[in-house]
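Trainee: Sequence:
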Amino acid sequence: PLMTLYLTKETTPDVIKQASAAGITAVKWYPAGATTNSQFGVKETEFPNLFPTFRAMAEVGMPLLCHGETTDPEADMFDREALWVRTVLKPLVDGVPELKVVMEHVTTTEGVEFVSQARDGVA
1 PLMTLYLTKE TTPDVIKQAS AAGITAVKWY PAGATTNSQF GVKETEFPNL
51 FPTFRAMAEV GMPLLCHGET TDPEADMFDR EALWVRTVLK PLVDGVPELK
101 VVMEHVTTTE GVEFVSQARD GVA
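Going by UniProt numbering, the letters in the sequence shown line up with residues 1 to 123, in that order.
I should point out that these hints are in silico values taken from the structure, not numbers from a laboratory. Don't be surprised by glycine CBs; every beta carbon is placed ideally from N, CA and C. Check each hint, because a few of them may be wrong.
Straight-line C-alpha distance at most 27 Å; calculated DSS-like pairs for lysine-lysine [what the hints assert, rightly or not]:
1) LYS90 <-> LYS28
2) LYS28 <-> LYS43
3) LYS17 <-> LYS43
4) LYS90 <-> LYS100
5) LYS9 <-> LYS28
Label-pair ranges, simulated between beta-carbon atoms [what the hints assert, rightly or not]:
6) GLN18 <-> GLN117: 33 to 39 Å
7) THR107 <-> ALA22: 28 to 34 Å
8) PHE40 <-> GLN18: 15 to 21 Å
All chains, full assembly: derive it from the sequences and hints.
Mentor: Right, dumping it as structure tokens:
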């Protein structure tokens with residue numbers, strides 16, 4: 001099996017390097033509170049703190065697999081993915097251009113359009 005690492009706010013560049021050396025192939029990002037067992041996931045407000053971790057992932061060629069949706073309680077449930085694309089995914093893709101990013105379970109036109117128009121390395 002291809003093993004992945006669960007992204008938390010404690011995931012450091014050193015953790016990424018150790019995980020890569022141990023054969024971990026990717027990192028999964030579940031926004032905290034977005035899905036089952038996501039209580040340890042990264043909150044949208046915390047993701048800018050992880051840019052050093054994202055850069056380390058790019059350095060070792062480890063993709064970020066995203067369960068992309070906002071957990072903002074004010075967001076309409078049908079807008080959760082589109083809002084996440086605008087407020088989290090775009091700044092991430094622009095901020096770490098070498099990072100491979102996969103948006104999993106795409107369910108909106110906005111998500112499909114973003115991926116289809118994004119740089120190489122975004123799927």
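Trainee: Look at each hint and say if it fits the structure.
Mentor: Status of each hint after checking the structure:
{"no.": "1", "hint": "LYS90 <-> LYS28", "verdict": "17 Å, holds"}
{"no.": "2", "hint": "LYS28 <-> LYS43", "verdict": "13 Å, holds"}
{"no.": "3", "hint": "LYS17 <-> LYS43", "verdict": "23 Å, holds"}
{"no.": "4", "hint": "LYS90 <-> LYS100", "verdict": "13 Å, holds"}
{"no.": "5", "hint": "LYS9 <-> LYS28", "verdict": "12 Å, holds"}
{"no.": "6", "hint": "GLN18 <-> GLN117: 33 to 39 Å", "verdict": "35 Å, holds"}
{"no.": "7", "hint": "THR107 <-> ALA22: 28 to 34 Å", "verdict": "33 Å, holds"}
{"no.": "8", "hint": "PHE40 <-> GLN18: 15 to 21 Å", "verdict": "18 Å, holds"}
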